Amino acid sequence: VNWKVLAVGAALVVPLVVLLAQGFGKDPHALPDVMTGKAAPPFALVTLDGLPVSLDAARGKPVVLNFWATWCGPCVGEHPELMQAAAQFGPRGVVFLGVLYGDDPLKAQAWLDAKGSAYPTLMDPDQRVAIDYGVAGVPETFIVGPDGMLLHKIVGPVTASQLGQALEPLL
Amino acid sequence: VKLLLVLWCAMASAQVPEAVDIASPSAAAEAQPVDALLGDVPAASAPAVAAITADPRLLAEPPDLDPPDVEAARLHAEVLSGSLRCPVCQGMSVADSPSDGARAMKARIVELVELGYSDAQIRAYFVDRYGTWVLLEPPAVGLHQLIYIAPLVVVAVGLLVGGLFAVRRGAATRPVQAPPAPAPAPKDDALAPWRQRVLDELEQRGGR
Numbered sequence: 001v002n003w004k005v006l007a008v009g010a011a012l013v014v015p016l017v018v019l020l021a022q023g024f025g026k027d028p029h030a031l032p033d034v035m036t037g038k039a040a041p042p043f044a045l046v047t048l049d050g051l052p053v054s055l056d057a058a059r060g061k062p063v064v065l066n067f068w069a070t071w072c073g074p075c076v077g078e079h080p081e082l083m084q085a086a087a088q089f090g091p092r093g094v095v096f097l098g099v100l101y102g103d104d105p106l107k108a109q110a111w112l113d114a115k116g117s118a119y120p121t122l123m124d125p126d127q128r129v130a131i132d133y134g135v136a137g138v139p140e141t142f143i144v145g146p147d148g149m150l151l152h153k154i155v156g157p158v159t160a161s162q163l164g165q166a167l168e169p170l171l
Numbered sequence: 172v173k174l175l176l177v178l179w180c181a182m183a184s185a186q187v188p189e190a191v192d193i194a195s196p197s198a199a200a201e202a203q204p205v206d207a208l209l210g211d212v213p214a215a216s217a218p219a220v221a222a223i224t225a226d227p228r229l230l231a232e233p234p235d236l237d238p239p240d241v242e243a244a245r246l247h248a249e250v251l252s253g254s255l256r257c258p259v260c261q262g263m264s265v266a267d268s269p270s271d272g273a274r275a276m277k278a279r280i281v282e283l284v285e286l287g288y289s290d291a292q293i294r295a296y297f298v299d300r301y302g303t304w305v306l307l308e309p310p311a312v313g314l315h316q317l318i319y320i321a322p323l324v325v326v327a328v329g330l331l332v333g334g335l336f337a338v339r340r341g342a343a344t345r346p347v348q349a350p351p352a353p354a355p356a357p358k359d360d361a362l363a364p365w366r367q368r369v370l371d372e373l374e375q376r377g378g379r
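Protein sequence lines correspond, in order, to chains A and B.
When the letters of the first sequence are read in order and numbered with the working numbering, they come out as residues 1 to 171.
When the letters of the second sequence are read in order and numbered with the working numbering, they come out as residues 172 to 379.
Keep in mind that the hints were calculated from the coordinates and are not lab data.
Keep in mind that this is a model prediction, so the values were computed, not measured.
Simulated crosslink set (DSBU-like; lysine-lysine; CA at most 35 Å straight-line):
hint	chain 1	residue 1	chain 2	residue 2
1	B	LYS277	A	LYS26
2	A	LYS153	B	LYS277
3	A	LYS115	B	LYS277
4	A	LYS38	A	LYS107
5	A	LYS38	A	LYS153
6	A	LYS26	A	LYS153
7	A	LYS153	A	LYS107
8	A	LYS115	A	LYS61
9	A	LYS38	A	LYS115
10	A	LYS61	B	LYS277
11	A	LYS153	A	LYS115
12	B	LYS277	A	LYS107
13	A	LYS61	A	LYS107
14	A	LYS61	A	LYS38
15	B	LYS277	A	LYS38
16	A	LYS153	A	LYS61
17	A	LYS38	A	LYS26
From just these sequences and the hints, can you work out the full model?
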């Protein structure tokens, strides 16, 4: 065995294998989470019912902010989970808010009427708030602490137990 | 924009009653958390709430520049959105992507340019929210420097290894050429007359 050749070969191949192993272990579509730990961007929006809601008004309470749309399959899938979490944590002082992402408010209202809704959904006409939160697609769920800091960003469908784990320490 | 918001709000609320009648249980469940959330903010007063937060178009800091004229802003925003990556389709710039999300981002960029925000401010705004991922050309800081340095390092290593090879090969071939040189070296005085004769004959032939 030529140890010199083996050593040089290993020096070239091993870092490459490590790099590839790391790369293949990652979802190439996942964006880095740069929002967690920052102050939640403030907003003042209007619900589908026409009621004004601002994030400032929820100061002192944990907030679950769910960006969704009726055309988004995973959002439809996670809806019962959010309903369950809202039923469980709403009475304990957690504020649940939906934010409509790139969808028609009337369509969303009709959808909620059919599927049921446990909390208000806000209209975000120019997706300004979605951009402010760094939303890349729906569903995305943010958990804002009582102090107004962003504690969690959950990309993709969320489960009631996931929400429970995140909310329990805040109550 | 506020006016639009209020208008939309009025439109939405005008549409809602018919929908609520169909499914009143959900409407009842919905009403309670909104009231609880709003607290002392009087309901149905969008302007009042909007007044709490400043103009939603503005960033945390004031614009660096004076607002440009509309056409210049549009052209500039086009260039700027070409350097930002679309979070939805990912392989494209915001300018090239036809997706809804990208169009919203582009509208936001146009808006910010029109307000007088500088390129650096707008890039920083998006980097704050999406990470440096959002820049199609990553900045040469931190680990990103590798992207720019690595090719140079690879070329340098290649040249070095190639050079070493060439030098070693040169060193290996020289001894093969070298032996013939010392071979004729031993000068035997006994052969001197013969050598002289050969040289003379060669000279004579050359002279002919």
